[in-house]
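Engineer: Below are the chains, spelled out letter by letter.
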Amino acid sequence: MITTTESGKRKVVIEPVTRVEGHGKVTIHLNESGQVEQARLHIVEFRGFERFIQGRPYWEVPVLVQRLCGICPVSHHLCAAKAMDVIVGAKELTPTAEKIRRLMHYGQTFQSHALHFFHLASPDLLFGFGSDVAERHVLGVAAKHPDLAVQGVMMRKYGQEIIKATSGKRIHGTGAIPGGVNKNLSIEERDVFLKDLGQMMEWSHAALKIARDYTVANLEMVTDFNTFESNHVSLVRQDGALDLYDGGLRAIDAQGEKIFDHMHPQKYLDFIAEEVRSWSYMKFPFIKSLGTEQGWYRVGPLSRINACDFIDTPAAEQARKEFMAVTSDKPNHITMAYHWARMIELLHSCEKIQELLEDPDLQGEDLVVKGDRQEEGVAILEAPRGSLFHHYRVDENDQVTMANLIVSTTSNNEAMNRAVTGVAQKFLSGREITEGLLNHVEVAIRAYDPCLSCATHALGQMPLEVCLMGPDDELIHRRVRH
Amino acid sequence: MSSKPKVATTSLCGCFGCHMSLLDIDERILKLAELVEFNKSPINDIKVLADDVVVGLIEGGCCNEENVHVLRDFRLHCKILISVGECATSGGIPALRNPISLKECLEEAYLNGPSVHNPSGKIPNDPDLPLLLNKVYPCHEVVKIDYHLPGCPPPADTIWQALTALLGNKPMDLPYELIKYD
Numbered sequence: 139m140i141t142t143t144e145s146g147k148r149k150v151v152i153e154p155v156t157r158v159e160g161h162g163k164v165t166i167h168l169n170e171s172g173q174v175e176q177a178r179l180h181i182v183e184f185r186g187f188e189r190f191i192q193g194r195p196y197w198e199v200p201v202l203v204q205r206l207c208g209i210c211p212v213s214h215h216l217c218a219a220k221a222m223d224v225i226v227g228a229k230e231l232t233p234t235a236e237k238i239r240r241l242m243h244y245g246q247t248f249q250s251h252a253l254h255f256f257h258l259a260s261p262d263l264l265f266g267f268g269s270d271v272a273e274r275h276v277l278g279v280a281a282k283h284p285d286l287a288v289q290g291v292m293m294r295k296y297g298q299e300i301i302k303a304t305s306g307k308r309i310h311g312t313g314a315i316p317g318g319v320n321k322n323l324s325i326e327e328r329d330v331f332l333k334d335l336g337q338m339m340e341w342s343h344a345a346l347k348i349a350r351d352y353t354v355a356n357l358e359m360v361t362d363f364n365t366f367e368s369n370h371v372s373l374v375r376q377d378g379a380l381d382l383y384d385g386g387l388r389a390i391d392a393q394g395e396k397i398f399d400h401m402h403p404q405k406y407l408d409f410i411a412e413e414v415r416s417w418s419y420m421k422f423p424f425i426k427s428l429g430t431e432q433g434w435y436r437v438g439p440l441s442r443i444n445a446c447d448f449i450d451t452p453a454a455e456q457a458r459k460e461f462m463a464v465t466s467d468k469p470n471h472i473t474m475a476y477h478w479a480r481m482i483e484l485l486h487s488c489e490k491i492q493e494l495l496e497d498p499d500l501q502g503e504d505l506v507v508k509g510d511r512q513e514e515g516v517a518i519l520e521a522p523r524g525s526l527f528h529h530y531r532v533d534e535n536d537q538v539t540m541a542n543l544i545v546s547t548t549s550n551n552e553a554m555n556r557a558v559t560g561v562a563q564k565f566l567s568g569r570e571i572t573e574g575l576l577n578h579v580e581v582a583i584r585a586y587d588p589c590l591s592c593a594t595h596a597l598g599q600m601p602l603e604v605c606l607m608g609p610d611d612e613l614i615h616r617r618v619r620h
Numbered sequence: 212m213s214s215k216p217k218v219a220t221t222s223l224c225g226c227f228g229c230h231m232s233l234l235d236i237d238e239r240i241l242k243l244a245e246l247v248e249f250n251k252s253p254i255n256d257i258k259v260l261a262d263d264v265v266v267g268l269i270e271g272g273c274c275n276e277e278n279v280h281v282l283r284d285f286r287l288h289c290k291i292l293i294s295v296g297e298c299a300t301s302g303g304i305p306a307l308r309n310p311i312s313l314k315e316c317l318e319e320a321y322l323n324g325p326s327v328h329n330p331s332g333k334i335p336n337d338p339d340l341p342l343l344l345n346k347v348y349p350c351h352e353v354v355k356i357d358y359h360l361p362g363c364p365p366p367a368d369t370i371w372q373a374l375t376a377l378l379g380n381k382p383m384d385l386p387y388e389l390i391k392y393d
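Protein chains in written order, with the numbering used here: chain A, 139 to 620; chain B, 212 to 393.
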């Protein structure tokens with residue numbers, strides 16, 4: 139690696155093959171008899187946060203690490219703040235601080251799920267997997283279903299404005315600090331959100347209906363498309379309710395039996411580890427008791443709805459029951475059901491926002507607590523894309539000495555690779571990568587809402603590069619879509 | 212359709228926050244779609260990225276060979292190139308790795324991290340992964356950049372006003388409130 143480093147200065151030799159950063163790069167590997175053996179989704183980004191955070195003062199961390207991701211920075215902001223709560227010995231936040239943070243988090247989940255559904259996923263659902271790529275993006279939706287496109291834009295705006303009101307900025311705000319928050323929500327700020335709430339609730343119900351109706355109407359097709367059994371991991375509240383902000387970690391197996399439950403975040407290293415593979419900068423997390431082969435798991439909306447016992451808001455709970463009835467209350471493994479589950483959470487977030495806005499604690503003035511200083515803190519949060527882990531050690535000079543981050547998309551790494559392998563096995567015929575294969579790879583990856591797709595996709599389709607490799611790793615065919 | 216000016220965007224070593232800030236123009240995104248043609252193939256296929264892209268928006272600095280390649284292609288094909296945000300302008304947060312050796316950064320992530328399971332002791336090195344540069348470079352150290360929009364990210368209004376001024380052939384005259392250095 140070191141030689142690579144040194145040769146990699148600014149004078150790099152540019153390969154004649156064009157590539158785009160942010161491309162979902164996929165290689166499909168064939169065995170001797172020409173069968174698909176494995177497909178790999180390569181994550182080509184490396185930034186080194188774990189190392190360069192070392193030496194920074196701990197109070198900087200919530201604003202620093204959120205720069206990992208501008209798509210859901212609130213997740214990193216809050217998860218780091220929660221870990222720093224442990225460091226400053228804040229065992230329990232004030233009601234105002236906890237609720238302001240929750241409002242920020244539900245605002246973010248609302249905008250992120252709306253963005254994904256309306257801007258990215260709805261074209262697949264509205265136009266079909268194989269439709270013209272020229273219309274499969276938000277502007278295509280705008281042309282054919284202008285009302286839906288406007289709804290998507292306005293729902294995202296609503297969530298972004300909640301983030302701004304609680305953190306100061308729409309992207310990379312500063313609201314959460316170790317031990318609490320730095321502002322409350324004024325009556326004036328609150329009233330703006332209450333005014334539009336009814337509309338948001340109505341649109342959330344409508345979006346849920348689109349996702350539900352689509353899945354139910356096409357149940358056979360979506361069940362056939364890339365369904366595979368897996369373990370699921372999610373935070374749950376002490377009483378088993380869905381909780382996106384806090385709780386203990388639960389893992390269930392494919393039949394819904396608990397592998398572990400109410401795991402305290404500080405103990406995560408006893409339960410979870412991450413395997414390194416040479417061909418991707420993204421690691422492969424697994425449940426330690428099951429090992430690398432059997433221990434991989436999925437996270438995100440589908441896993442959360444599967445893992446929780448109930449939802450504590452009425453409309454979303456109703457929707458959850460309907461969702462679970464499809465698989466007779468057993469875990470749902472249909473990859474495309476992520477979209478439906480995501481819309482249940484969209485509605486849940488909207489209901490939670492209402493609950494919080496009506497709570498006078500948001501106008502409280504007691505914002506920060508502190509206790510006995512600790513050396514180590516771990517926090518887990520349910521980010522829009524799944525369980526997010528932050529782990530820090532801080533020395534007596536208040537400097538960070540160790541940082542470990544397991545981000546949500548990482549936990550879905552194995553599942554996305556399996557999804558792509560499944561699609562390749564099913565749709566690859568001969569030795570050529572067809573447009574149809576490309577479409578299906580794209581749809582399979584997008585169900586997981588990985589950051590790379592979300593981001594590169596906001597204004598167009600997912601750029602993809604798919605390479606077909608022979609048994610000796612020789613390139614047979616390559617197809618790029620920008 | 213083809214008479215509309217073309218706009219292309221890319222994220223190099225950034226976090227996509229600047230792209231999200233562009234989306235934060237909210238309902239104006241639909242208006243923007245009427246004003247310009249988004250070059251859907253953002254970037255680097257020369258045949259597709261026509262020579263007449265009017266504005267290229269760059270998010271992020273350069274941390275690997277692909278970034279450099281994409282950035283040079285942008286320079287080649289865009290009349291006006293804008294560094295959008297802290298990372299494109301100065302390297303930003305990712306450039307915090309610059310005082311540290313790349314080897315140390317990789318070892319921390321793939322060998323020493325407390326949850327790492329890596330019996331082979333290998334750091335990812337597949338040919339499918341682009342070569343990392345020794346440091347993270349701001350865009351203007353790699354190609355000529357015409358404008359810099361500061362901020363992490365620049366506010367949506369900053370991006371909107373800059374873009375509409377350029378497209379309307381007017382001077383980019385941003386008020387003080389829209390110039391943020393955070």
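For the record, the hints were derived by calculation from the structure and aren't laboratory data.
All of these numbers come straight from a predicted model, not from anything done at the bench.
Note that the Cβ used here is the ideal one computed from N, Cα and C, for glycine as well.
Treat the hints with care, as some may be off.
[Unchecked claim] If you want the ones that stay clear, here's a sample from chain B, every Cβ over 12 angstroms from chain A, calculated:
| id | residue |
| --- | --- |
| 1 | Pro216 |
| 2 | Met231 |
| 3 | Asn323 |
[To be verified] With beta-carbon atoms standing in for the labels, derived distance ranges:
| id | chain 1 | residue 1 | chain 2 | residue 2 | range |
| --- | --- | --- | --- | --- | --- |
| 4 | B | Arg239 | A | Gln337 | 18 to 28 angstroms |
| 5 | A | Glu431 | B | Ser312 | 28 to 38 angstroms |
| 6 | B | Glu388 | A | Asp399 | 42 to 52 angstroms |
| 7 | A | Glu570 | B | Tyr358 | 35 to 45 angstroms |
| 8 | A | Leu357 | B | Tyr392 | 48 to 58 angstroms |
Engineer: Evaluate each hint against the coordinates.
Structural biologist: Status of each hint after checking the structure:
1. Pro216: With a cut-off of 12 angstroms, B/Pro216 remains clear of chain A, as the shortest Cβ separation is near 15 angstroms.
2. Met231: Contrary to the label, B/Met231 does not stay out of reach of chain A, its closest Cβ about 5 angstroms off (not over 12 angstroms).
3. Asn323: At roughly 9 angstroms from the nearest Cβ of chain A, B/Asn323 sits no farther out than 12 angstroms, so the non-interface label is violated.
4. B/Arg239 to A/Gln337: 18 to 28 angstroms: holds (20 angstroms)
5. A/Glu431 to B/Ser312: 28 to 38 angstroms: holds (35 angstroms)
6. B/Glu388 to A/Asp399: 42 to 52 angstroms: holds (51 angstroms)
7. A/Glu570 to B/Tyr358: 35 to 45 angstroms: Since the Cβ atoms of A/Glu570 and B/Tyr358 sit about 44 angstroms apart, the hinted range of 35 to 45 angstroms holds.
8. A/Leu357 to B/Tyr392: 48 to 58 angstroms: The hinted range 48 to 58 angstroms holds for A/Leu357 and B/Tyr392, with Cβ atoms some 53 angstroms apart.
Violation of the numbered hints given earlier is confined to hints 2 and 3; the remaining hints are satisfied by the structure.
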